[in-house]
Each structure stands twice: as structure tokens, then as C-alpha cells.
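Asks: Sequence:
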Amino acid sequence: MLTLGIDLASQPAFTAMCEIEWTSCSAHVRRLKMNCDDDELDQAIQRAGAVGIDAPFGWPTAFVDAVAKWTSRTWNKPLRDRLRFRATDFATRKITGRWPLSVSSDLIALPAMRAMALLERHDIADRSGGRFFEVYPAGSMNIWGITVSGYKGKSREARDRRTTLVKALKTRMPWLDGAEGCHEDDNMLDALVASITTWQAAEGATIPPDPEKKEQATREGWIHLPCGIPRFPVP
Numbered sequence: 001m002l003t004l005g006i007d008l009a010s011q012p013a014f015t016a017m018c019e020i021e022w023t024s025c026s027a028h029v030r031r032l033k034m035n036c037d038d039d040e041l042d043q044a045i046q047r048a049g050a051v052g053i054d055a056p057f058g059w060p061t062a063f064v065d066a067v068a069k070w071t072s073r074t075w076n077k078p079l080r081d082r083l084r085f086r087a088t089d090f091a092t093r094k095i096t097g098r099w100p101l102s103v104s105s106d107l108i109a110l111p112a113m114r115a116m117a118l119l120e121r122h123d124i125a126d127r128s129g130g131r132f133f134e135v136y137p138a139g140s141m142n143i144w145g146i147t148v149s150g151y152k153g154k155s156r157e158a159r160d161r162r163t164t165l166v167k168a169l170k171t172r173m174p175w176l177d178g179a180e181g182c183h184e185d186d187n188m189l190d191a192l193v194a195s196i197t198t199w200q201a202a203e204g205a206t207i208p209p210d211p212e213k214k215e216q217a218t219r220e221g222w223i224h225l226p227c228g229i230p231r232f233p234v235p
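Here UniProt numbering is used: the first residue of the sequence shown is 1, the next is one more, and so on.
Mixed in with the good hints, there may be bad ones.
As the list claims (entries may be wrong) - Dumping the calculated DSSO-like pairs for lysine-lysine here, alpha-carbon to alpha-carbon at most 30 Å:
1) LYS167 / LYS154
2) LYS167 / LYS33
3) LYS170 / LYS33
In short, the hints are calculated from the structure, not lab data.
This structure is a prediction, so every number in the text was calculated from the model and none was measured.
Using the sequences and the hints, build the whole thing.
Replies: The structure is reproduced here in C-alpha cells:
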């Protein structure tokens with residue numbers, strides 16, 4: 001199987017992708033690239049068996065309803081949280097202790113718009129999973145037991161931190177080959193983690209929405225968090 005992990009930004013310059021080829025006995029990073037435009041992403045998607053994207057696949061239902069017609073005459077924390085966070089964001093917070101960025105009130109809104117255009121081009125109606133998975137690299141690494149603070153940016157300290165993170169990944173996943181270049185840029189590292197998580201999602205080794213949240217997840221998207229460290233090669 002070929003998995004494609006995409007760290008999606010609003011502009012190509014900060015968008016990275018990582019293709020990993022999975023066989024019965026190996027996992028090899030076949031391609032790692034920055035500065036990916038929509039045409040490159042679409043071509044890579046055609047090659048991939050499963051696609052993981054680090055960007056929200058939708059907006060909170062309460063937010064969508066409020067934009068269509070605002071009805072509340074009061075303002076309080078529960079309402080604020082329903083407008084800011086999706087069902088999957090609440091679930092992710094409960095599992096990892098971290099809030100994902102709010103798609104309705106933070107800078108992640110622009111990548112989400114680009115993600116929606118991508119999903120529309122590929123006729124994706126169910127945003128909860130299938131062949132396309134929403135992923136959250138920081139959450140994945142958290143579940144794998146890797147501390148993720150301080151790796152974003154161009155500073156020497158951030159680069160050193162990424163080098164440490166890549167070593168931590170290799171320690172937990174010694175079967176992974178070709179990941180060394182990911183320390184060069186945080187977007188490439190996130191794309192690598194997205195691609196690994198995508199393999200887990202395709203194998204059914206991520207946490208699905210509860211049955212009562214499934215319909216909501218088809219509209220809002222669902223972050224596929226790993227059940228644990230990848231078990232590979234599969235016994």
C-alpha cells in the first residue's frame with residue numbers, strides 16, 4: 001500500500017507531502033516534498049491507497065447553524081465552546097489533553113477551506129473516514145509517547161528538537177526507512193506523521209467516532225488518532 005500524508009497549509013509554499021510504501025516487511029519513505037500545489041497533491045492522491053490530511057474536514061455544526069441564522073441572546077462558555085469546537089475536537093481533548101486548533105476561530109480556518117476544495121474535487125461526501133482521513137500529527141505523537149513541544153519554526157532550537165523527534169520515531173518504529181530528512185522542516189515532519197497515521201487508519205488501528213457521533217462526524221470531519229504505536233510488520 002502507498003499512503004500519502006499531507007500537511008496542508010493555505011498556500012503551496014508551506015504545504016508538505018509524504019508518500020510511504022508499505023510492504024509485508026518494510027515501510028519506506030518514497031517521496032517527501034515541500035511546496036506542493038493542488039495539481040501535485042491531486043496527482044499524488046491518484047497514486048495513493050489512503051490519504052491523510054492535517055487540516056479540518058469541516059466546521060462545528062453549531063457554528064454552521066449560527067452563521068446561517070443566529071438565535072442566541074446570551075453568551076457563555078458552553079455556547080462559545082460549541083461554536084469553536086467539533087465533536088472530534090472534544091474527543092481529541094479528552095484523549096490527548098490537547099485542544100486542536102479551532103477551525104471556526106483560529107488561523108487553521110484557511111487550510112480548512114483549501115481542504116474542503118480538495119475533498120470536493122475528489123467527491124468526498126463522508127468526512128469521517130474511508131480513503132481520506134483527517135489526521136492530527138501532534139496528537140498522534142502524543143499517543144506514541146513522544147513530547148511534541150518546541151519543534152515548529154526555523155530556529156536552531158526547533159531544528160534540534162525535530163532531530164530528537166525523528167530519532168524518537170525511529171526508536172519506536174525501527175522498520176521505518178528514509179525518514180531522516182524530516183528534521184529539515186516542521187511541515188515535512190508533520191507530513192511524515194500524517195502518512196504513518198494514515199496507514200494505521202487504513203488498517204483500522206485508529207479511534208473511530210462513537211455510534212452516536214457518527215452522523216455528526218460525516219459532516220464535521222473526524223480526527224483519526226492512533227490506538228497506540230503502529231504494530232508493523234503485521235504479525
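Asks: Look at each hint and say if it fits the structure.
Replies: Results of checking the hints against the structure:
no., hint, result
1, LYS167 / LYS154, "holds, 19 Å"
2, LYS167 / LYS33, "holds, 20 Å"
3, LYS170 / LYS33, "holds, 20 Å"
Against the hints set out earlier in the document, no violation occurs for any number.
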